[in-house]
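Here are the chains, one letter per residue:
Protein chains: 4
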Amino acid sequence: MIIVMNAPTAEETARVLEKIRHSGLEPHCLVDRGKTIITAVGGADPGRSEQFERLAGVERVVAVQTPYKLASREFRAENSVVAVGGVTFGADAVPIIAGPCAVESYDQFRETALGAKAAGAVMLRGGAFKPRTSPYSFQGLETEGLAILRTVGREVGLPVVTEVTDPRAVELVATHADMLQIGARNMQNFALLKEVAQAGRPVLLKRGAAADIQEWLMAAEYLLSGGTAAVVLCERGIRTFETHTRNTLDLSAVPLVKHLSHLPVIVDPSHGTGNWRLVGPMARAAVAAGADGLIIEIHPWPEEALSDGPQSLTLANFRQLTRELAKVAAAVGRTINSGKGGQKR
Amino acid sequence: MIIVMNAPTAEETARVLEKIRHSGLEPHCLVDRGKTIITAVGGADPGRSEQFERLAGVERVVAVQTPYKLASREFRAENSVVAVGGVTFGADAVPIIAGPCAVESYDQFRETALGAKAAGAVMLRGGAFKPRTSPYSFQGLETEGLAILRTVGREVGLPVVTEVTDPRAVELVATHADMLQIGARNMQNFALLKEVAQAGRPVLLKRGAAADIQEWLMAAEYLLSGGTAAVVLCERGIRTFETHTRNTLDLSAVPLVKHLSHLPVIVDPSHGTGNWRLVGPMARAAVAAGADGLIIEIHPWPEEALSDGPQSLTLANFRQLTRELAKVAAAVGRTINSGKGGQKR
Amino acid sequence: MIIVMNAPTAEETARVLEKIRHSGLEPHCLVDRGKTIITAVGGADPGRSEQFERLAGVERVVAVQTPYKLASREFRAENSVVAVGGVTFGADAVPIIAGPCAVESYDQFRETALGAKAAGAVMLRGGAFKPRTSPYSFQGLETEGLAILRTVGREVGLPVVTEVTDPRAVELVATHADMLQIGARNMQNFALLKEVAQAGRPVLLKRGAAADIQEWLMAAEYLLSGGTAAVVLCERGIRTFETHTRNTLDLSAVPLVKHLSHLPVIVDPSHGTGNWRLVGPMARAAVAAGADGLIIEIHPWPEEALSDGPQSLTLANFRQLTRELAKVAAAVGRTINSGKGGQKR
Amino acid sequence: MIIVMNAPTAEETARVLEKIRHSGLEPHCLVDRGKTIITAVGGADPGRSEQFERLAGVERVVAVQTPYKLASREFRAENSVVAVGGVTFGADAVPIIAGPCAVESYDQFRETALGAKAAGAVMLRGGAFKPRTSPYSFQGLETEGLAILRTVGREVGLPVVTEVTDPRAVELVATHADMLQIGARNMQNFALLKEVAQAGRPVLLKRGAAADIQEWLMAAEYLLSGGTAAVVLCERGIRTFETHTRNTLDLSAVPLVKHLSHLPVIVDPSHGTGNWRLVGPMARAAVAAGADGLIIEIHPWPEEALSDGPQSLTLANFRQLTRELAKVAAAVGRTINSGKGGQKR
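Residue numbers (the working numbering), protein chains in the order written: chain G, 7 to 351; chain R, 7 to 351; chain L, 7 to 351; chain E, 7 to 351.
Each hint should be verified, as a subset may be incorrect.
One copy or any two copies: either way a pair holds, since identical chains are not told apart in the list.
[To be verified] Straight-line Cα separation of at most 25 Å, DMTMM-like style, residue types lysine to aspartate or glutamate; simulated pairs:
#1 Lys333 x Asp98
#2 Lys200 x Asp98
#3 Lys333 x Glu65
#4 Lys41 x Glu65
Quick caveat, the hints were computed from the structure, so don't treat them as lab data.
For reference, chain G alone in the conformation it holds in the complex (with noise of 0.2 Å):
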């Protein structure tokens, strides 16, 4: 920790400086300029830092020390490989979730299943609980969504990833489908992080609209430190100025993150575009960025989706999809992991 003061007096400087031995640290300090920089050497708590900031004087605390841990390089240099069933995230094949925003019937998501699965994808995605910003809006078929999941994803040899939005039905979730996800709007859903965390299963982590980096390692660093070790990031844009696109997808995440960290970081150009158009580019893109996996919104019937239709690629655009992230994996010295396709649980 680093303390700048401005002009500081002699007893503004002694309470710091006091502060700081208080806290178990070691101060050494600097004068440069009218500055004063005291730089706190020791096993401090990064919480601590606010209360300097508000001693007089102190203009501002500079934190020397990442606030995440389990989450970092630092705390392992290799990268983490995350399976769920047969597949794995972090290796160097580049597996793909496909499926459709939302299970809207056992017909639907069979048709979509089966189409993915030919088309190369290894594993399913559909959602049961929806979290919606109108509550006029379909909110999902919940309880019955679930069945559907295990019943077509077993039927079709593809483990699921479905959302849980709801700390109390996490266990319930947990029972039907082989991976957590945490939508980006629960991202800082403490209370779900931490039930999550230990109901013993991998965790899809998506980015939040408004997150930066670092929050979303901490939010890696509530499932990590929760119980959880099988955590894969996943970059789905944030909230930007730009209106011709839903959010703006921040493709530059994926290798500061995997600088920054060692999990696996996937991309999902469906919510990150909002633009079925754009979804093919930004998936090309998202794999010569060097992402660990797509999770991309496909749709039998694009305009007769109850969500997210726009979005949405047929299956016939899927497919064309597939062939090209392949040529494009190749040229990054990766593959994706179609063909053999994910084994069930």
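Place chains R, L and E on chain G using the hints.
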């Protein structure tokens, strides 16, 4: 709903018209220099518009009706007044809520509460369950904090508001607090909103850091349609590129929300700026802009606070501020609801 | 300058130390749990820090000194007062500048000017060169507009401010206007800033829509170091994800800039909101927050305005507003500088 | 143009209808649950819509036609190809432009240029006039830098692009450079755009850090309507709340602009990220997303660079990258335009 098509074929136009009629709506079609403009009149479900965006030839779909109903000025022309104990939000008086970020101990909260009341606050705030970015930061006293809140509130004779972060804790919090707060991070935690809507307590709904005005009103709609009539909105800053303040306090939201909605709006200049030096000016500005109340973080010893010390006023700062606020309120034809204090339930 | 290195080798550390010494600075080195913290003391050129970021082992470089000098409170402790004609910015009085977005004709500008003065404005605004997003929009009356500005300003007896957008036009504009405005789009048009700095006129420097506080003060530094002592800053809203207002008016910039700098700060609630309904509340809020002036768009017939009609007040709206502002100013110990009017040069 | 009115009176509706007819347009009126929807058909001036927003009863005005014409896909269905020397943008090949942020000396620029060409770059970049946030930072070698640019470009046999920041310098820069760059800060410097449009050189138009897609295309429209046919767009990152990168590189702008416009789009991953570690991944991603070129900062000794060292690749980094890019380009059916080099004018 208005559908703009770009140089559609006759088949594409026919498909849109058919789908509109099939939805029970009546289409009206115009052509203007390459664009076909179709206005669909009738009782459309707002979620329906997504299904049109994906149809071939459609460029975009423009909603005509606001998606919030119960929260709108159209639904209720006069201002809603929300009463909590003897305190009212939305009437002429401008109540001030004050207290520490977190309840840290009986002594800390009681001293703060007495100082707050003496300075003119009519309601107390204090966190028992704290949503913290880091799992290693102080998470609040939880149940013990709730008990302190209730005890001190009764001793001092002021109603209390506290945040609830977990749907499983709503009933417990509702037995200890006079008003339930939904924090910014949980504004779109719909499981929580639905549970809080049925708790039988007035609700303070903070704006999410990445929520626009419409999404904020939609979150209020979850509460209103779920069973609560008593909702108070709270502007607390949005996330922008500006890092010299913790958030960017969007004071224009106050007159804008009051134009669009009948609900009271208060302002939190403490989280809105993150800097105690800016709290006073922005509190005064909020009252001048028409805010229906203020919620301000104060602490008897901010430099020892376990959270949010940098943005907390001392008791002396706060006394000075309430005197200033009384003058600004008078200048805009209102009063600061001080002196009499709120009456406990 | 503080350099944080992450687990550097001895060679990497030695390279940084050598480079610091070579820059004429004195390095002080500390090690704290894997991080090496090097504080460089001495008269560093601020631009120098970039050269350290690229050295092997360096994680980041933290500047200690503010990069602006002449604009800082450290340079000048007391508030600067800028005089334009008989109008002063930065003293107790809060001057109101009013006028149309664009000068459209002699009659329009004269009617506006008379109404503005009658209502208490002490300076006139009006655009002759209009920076417009579209090449097909009205670009201003240009030279003819300048002549109208000067003529009407003299007839009415108020000083005028107008925007200059081209370094080649600075001399011409300076012969017609009492104060030169740098618009938000040109805040970092350094060729223009350098020219305006030498024009011998006070300058109104609007904040860029994507400029943070420090960049804004750096733009002021271009003016101050280039030859102008008389700079007035103008907050006019920043670009955020919120689309219900044209910009997000960042009123907290007012007290923050006044803490960091000695320069006067005024507020433009018209561009800051883009909506005439919000201009009054935000003008009141600005004065309550400590603004040193206001600049407000008014138009005798806003629905006929060639630009910015939606955010312009009518003359009747404006008269009502100045009465309200006088009360708010009194509440914060200031006065609206009205009645006497500004005196022409 | 569509005008939505909220519960208007008969007089208010009549006023809008009259004004539409007076503008030479034909109004069509529908009523839908409290809203009156008026569609105005005919050759409206886009700037006209503002005049309707201020009319009583009007809630909002929705434009139907895009405000850019010459830049639109409707105007020109096939991709435009822009040639600079022997280099083409918008065809199958993906040219790479490389060079230092600033021209610092003949030796530095020549060494960089030779390394760039050897690695496959077909055009050179280098700043002579540098727009710098601080007046105290290195501002470029200016005229001397231009001479070095031209000399080295001819010696090495590659065309050069450099930024012009002042309308008075356009002619001079145009005699030294093969392509003129409008920088991000000047995207809406309309005086500069108008001058550059007449300089007879192809133009590289960077996106402003706070410009949305439409504003960027409108800036291109200034160039196209002002006399240049040869415009290449350059995405270089937008300003968002994320501070871990210098900007947020909005790669989705590439496929989106190519959908809306016929103009070529290239990507600047150096300014887009501000971090040399992210330049390679984002350059690969840009090509995979369909970019028509890249502009990359390189420096023989980045740690000595006078500006932008932290985001500059070494020559060795750059050679490695061009090999990777060739593979990605092949995967998406394109080629990196290397080996042959651009031919000088």
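Hints not upheld, ascending by number: Those not satisfied are hints 2, 3.
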